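Protein chains in written order, with the numbering used here: chain A, 97 to 353; chain B, 361 to 640.
Think of the hints as simulated: they come from the structure by calculation, not from any bench. Since this is a predicted model, take the numbers as computed values, not measurements. Take these hints with a grain of salt, some might be off.
Chain A side only, calculated, beta carbon under 8 Å to chain B, not exhaustive [said to hold, decoys possible]:
id : residue
1  : 108
2  : 114
3  : 120
4  : 123
5  : 126
6  : 179
7  : 186
8  : 326
With a straight-line Cα cutoff of 27 Å, these simulated DSSO-like cross-link-like pairs (lysine-lysine) come out [said to hold, decoys possible]:
id : chain 1 : residue 1 : chain 2 : residue 2
9  : B       : 365       : A       : 100
10 : A       : 185       : B       : 364
11 : B       : 420       : A       : 271
12 : A       : 185       : B       : 412
13 : A       : 185       : B       : 365
14 : A       : 246       : B       : 502
15 : B       : 549       : A       : 187
16 : A       : 99        : B       : 365
17 : A       : 246       : B       : 549
18 : A       : 187       : A       : 246
19 : B       : 364       : A       : 103
20 : A       : 271       : B       : 363
21 : B       : 364       : A       : 99
22 : A       : 271       : B       : 549
23 : B       : 502       : A       : 100
24 : B       : 532       : A       : 319
25 : A       : 187       : B       : 420
26 : B       : 365       : A       : 187
Ideal placement from N, C-alpha and C gives every residue a C-beta, glycine not left out.
Residues per chain are reported as follows:
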Amino acid sequence: MVKKFGKWFYAGLIYVFMYLPIVVLIIYSFNDSRYRGNWEGFTLRWYAELIKDRSIMDALKNTILIAVISSFGATVLGTMAAIGIFAMKPKVRNFMVDLTYLPVTYPEIVIGVSLLALYVGIGLPLGFWSIVLSHITFCVPFVVIAVLPKLYQLNPNLEEAAMDLGATPSQAFWKVILPEIMPGVMTGMLLSFTLSLDDFLISFFTTGSGVNTLAIKIYSMTKVGVTPKINALTTIIFVTILTLLLVIQGREKKVEK
Amino acid sequence: MEKKKQGLAIPYIAWTVIFSIVPLIIILVYSFCERTPYGDIVFKFTTENYVKFFQPIYLKVLWRSVVLAVSSTLACLLIGYPMAWIIARAGDRARNFMVMLFVLPLWTNFLLRTYAWMGLLRENGFFNQLLMAIGLIHQPLKMLYTDGAVMVGMVYNFLPFMVLPIYSVLVKMDQGHIDAANDLGADPKQTFLRVILPLSFPGIVSGIIMVFMPALSTFIISDLLGGGQTMMLGNLIQNQFLSARNWQFGSAISSVMIVMVLITTLISGKYRGEGSEMLW
Chain A
97 MVKKFGKWFY
107 AGLIYVFMYL
117 PIVVLIIYSF
127 NDSRYRGNWE
137 GFTLRWYAEL
147 IKDRSIMDAL
157 KNTILIAVIS
167 SFGATVLGTM
177 AAIGIFAMKP
187 KVRNFMVDLT
197 YLPVTYPEIV
207 IGVSLLALYV
217 GIGLPLGFWS
227 IVLSHITFCV
237 PFVVIAVLPK
247 LYQLNPNLEE
257 AAMDLGATPS
267 QAFWKVILPE
277 IMPGVMTGML
287 LSFTLSLDDF
297 LISFFTTGSG
307 VNTLAIKIYS
317 MTKVGVTPKI
327 NALTTIIFVT
337 ILTLLLVIQG
347 REKKVEK
Chain B
361 MEKKKQGLAI
371 PYIAWTVIFS
381 IVPLIIILVY
391 SFCERTPYGD
401 IVFKFTTENY
411 VKFFQPIYLK
421 VLWRSVVLAV
431 SSTLACLLIG
441 YPMAWIIARA
451 GDRARNFMVM
461 LFVLPLWTNF
471 LLRTYAWMGL
481 LRENGFFNQL
491 LMAIGLIHQP
501 LKMLYTDGAV
511 MVGMVYNFLP
521 FMVLPIYSVL
531 VKMDQGHIDA
541 ANDLGADPKQ
551 TFLRVILPLS
561 FPGIVSGIIM
571 VFMPALSTFI
581 ISDLLGGGQT
591 MMLGNLIQNQ
601 FLSARNWQFG
611 SAISSVMIVM
621 VLITTLISGK
631 YRGEGSEMLW
């Protein structure tokens, strides 16, 4: 009994540690004061002002657009790559997998400065598209790593069977192979989308003047004080994701039953 | 047919060469280049950028980064291992929920979570007020802008990356091994040290890599929670590229960092074995 209590107490403490900052963030989105630290009463005005704030809304739009474009690009590039790598001889294949893991272990800051050096070197203008290129670069490996295992699990006779039954190679791919590896493709895409949304460092180094993502905007605010409007935005995002996760979990439980 | 399929990897290979390999070569080349007084890059071989890095002032930054990264990684391991164990041993439903609770904070912006810690640690912040309210201290402690604050920030941000890989090894561990050890007369301590710990080693190694690398190169956490005082390698690189406009020196520091990463990866690769793909 005591042992069990100790276990839950420990877990509880860790969760308090994990959620304390988030709870504080959410509470201050309802605080009727520009400054943190003192509670001046409940308000919803930050939520109203958030929608009217052009620069935050622009940054949000950029963040989402960049995440959509780069996760899509990374997924197409990465899925093609996984299929190509899977068709290679084992030795070449292993080399390619090692090569894929390389950027995953690199410190983000090195990726950021080296891409900056590349863009400046070839004269690519820094801004929206340089961020997209960078995001595709650090997302692709995750797609490859997510899709490859699905290809290994695939029955090697499946494609032949489809073609024996009269499917063209492209039909065999779109109607038989792709649906089989789809879970891996989706995992890769979701992972890319999340990584892109949350990225600060690489965007920070490869952006040009005037193009902000949310993370860059927040960073520039941390020096002078983050407006409660950002707290409001975070609260909205957090609640949305929490709801989504709970719905998915609920659905999975129903399926199990 | 197979040949045609292999061709699908060509765009990816080209992409990797252009956006991953060429940039690293550029950094490496820059790190050996001379600099004009105005900060322009002169393509003339020199080792002065590396010589500069091995001056005491910069070696101190390196040392501090390594010490802070190692201690945060150790703290994550000591705090995270029991947590991973508790989650792995929980009932099916509780387990999924507990894992979800651990991943959820990762979906809120990492800058904001770190910024929130600034509020918690400042002089009139939550912790000082709490400690004063229960009478443990009478004057506010200086918590923010210390190495301790940087460590708290790192443990906070990187703990999930330690807990999740260890958890995924522990949850797959065969209960039979533990029962067998008990039946053969091992006490709980022996069972842990001789059976559970060695079996969870791949997860521990994955966790250590996933915490140590970002901890070594972070510049946000030290920037926000350490104030100007805690200069780490990441801050140094950022300064050289964005304020000091000394790309050659920044490149040299980046190259040193790459070498450190390669060494760590090589060492851990030996022990990693099957654990490496546990996360995916």
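Among all the numbered hints in the text so far, which are the ones the structure does not match? 1, 4, 5, 7, 9, 11, 12, 14, 15, 16, 17, 19, 21, 22, 23, 24 and 25
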